[in-house]
Each structure stands twice: as C-alpha cells, then as structure tokens.
Amino acid sequence: METHIAKRVEIVIEAPLERRLTEALTSAGVTGFTILPVLGGSGRSGKWSREGQVGRSGMVAVVCLIRPERLDGLLEAAFTVVEKHIGVVSITDAHVLRAERF
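Add 990 to the 1-based position in the sequence shown for the numbering used here, that's all there is to it.
Hints are supplied without guarantee of correctness; some may be wrong.
[As the list claims (entries may be wrong)] Simulated crosslink set (EDC-like; lysine to aspartate or glutamate; CA at most 20 Å straight-line):
#1 Lys997 - Asp1062
#2 Lys1074 - Glu1000
#3 Lys1037 - Glu1013
#4 Lys1074 - Glu992
[What the hints assert, rightly or not] FRET-style restraints, in silico, Cβ to Cβ:
#5 Ser1032 - His994: 33 to 43 Å
#6 Leu1087 - Leu1061: 33 to 43 Å
#7 Leu1061 - Arg1010: 19 to 29 Å
#8 Lys1037 - Arg1057: 30 to 40 Å
#9 Glu992 - Glu1073: 15 to 25 Å
#10 Glu1013 - Asp1062: 25 to 35 Å
#11 Glu992 - Ser1047: 19 to 29 Å
Hint data in this document are derived by calculation from the structure and do not stem from the laboratory. Even glycine gets a Cβ: it sits at the ideal position worked out from N, Cα and C.
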C-alpha cells in the first residue's frame, strides 16, 4: 500500500491555553488536530501530575498531522502561544495513507 510523507506535531501545553492554541492553529490553516488529556509525566523539574503540580486544569496534548510544506506556518502559530508558558513541541516524521486529508 502506498504511503505519503507527513509531519506529526505534538504540543503539550497547560489545559487553559488549549483554546488559544487551537484558534492559532486554525488561523494558520491547520485543518485538523486531536486533543488528548495528559495525566502526568516527568521533566527537568521532576515528576508532575494533574493533581496540583501544574495547576488544577492539568495539561493537554494537541496532535496534528500535516504536509511537510505546512510545518513552518504551524510552528509559528504554535510558538505565539507556547513561548511564554509551560509546554513542549515535538516534531516527528510520519507516513499517512490518505494524503488528501492533510
């Protein structure tokens, strides 16, 4: 089966910023994303969980699959929200089956 190259962008951010982030992504032309709850983790400041270490609302992960040529626009939009807050942005290569959806 033929696959097509895409970029998978995952943005972990404080839950109260979810709406600002998704609005920024939509304004940048991102047509789809998935939002997942983040239960906890560990980073340079040590372990954390949604029971208080990062605020009562916790964190969310916003996941996007996009065409490689659209990556810069997505990252610029995301950075306007993420730069002054707790958050992590990661980018990985992906292969998708239906390129027309991205």
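Hint by hint, here is what the structure shows:
With a C-alpha separation of about 11 Å, the suggested pair lysine 997 and aspartate 1062 falls inside the 20 Å cut-off, and the hint holds. A C-alpha spacing of about 17 Å is found between lysine 1074 and glutamate 1000, which places the hinted pair at or below 20 Å, so the restraint holds. Between lysine 1037 and glutamate 1013 the CA atoms are separated by roughly 30 Å; this puts the pair beyond 20 Å, and the hint is violated. A hinted pair counts as satisfied when its Cα atoms are at most 20 Å apart, and lysine 1074 with glutamate 992 does not qualify at roughly 41 Å.
Judged by the Cβ atoms, the range 33 to 43 Å given for serine 1032 and histidine 994 holds: they are separated by roughly 34 Å. Against the hinted window of 33 to 43 Å, the Cβ-Cβ separation of leucine 1087 and leucine 1061 comes to about 20 Å, which falls outside the hint. For the pair leucine 1061 and arginine 1010, the beta carbons lie near 20 Å from each other, so the given range of 19 to 29 Å is met. Between lysine 1037 and arginine 1057 the Cβ separation comes to about 36 Å, which falls inside the hinted range of 30 to 40 Å.
Judged by the Cβ atoms, the range 15 to 25 Å given for glutamate 992 and glutamate 1073 is violated: they are separated by roughly 38 Å. At about 19 Å, the CB distance of glutamate 1013 to aspartate 1062 disagrees with the hint of 25 to 35 Å. Under the hint 19 to 29 Å, the C-beta atoms of glutamate 992 and serine 1047, about 42 Å apart, miss the expected range.
Checked against the numbered hints given earlier, this structure breaks hints 3, 4, 6, 9, 10 and 11; the rest are met.
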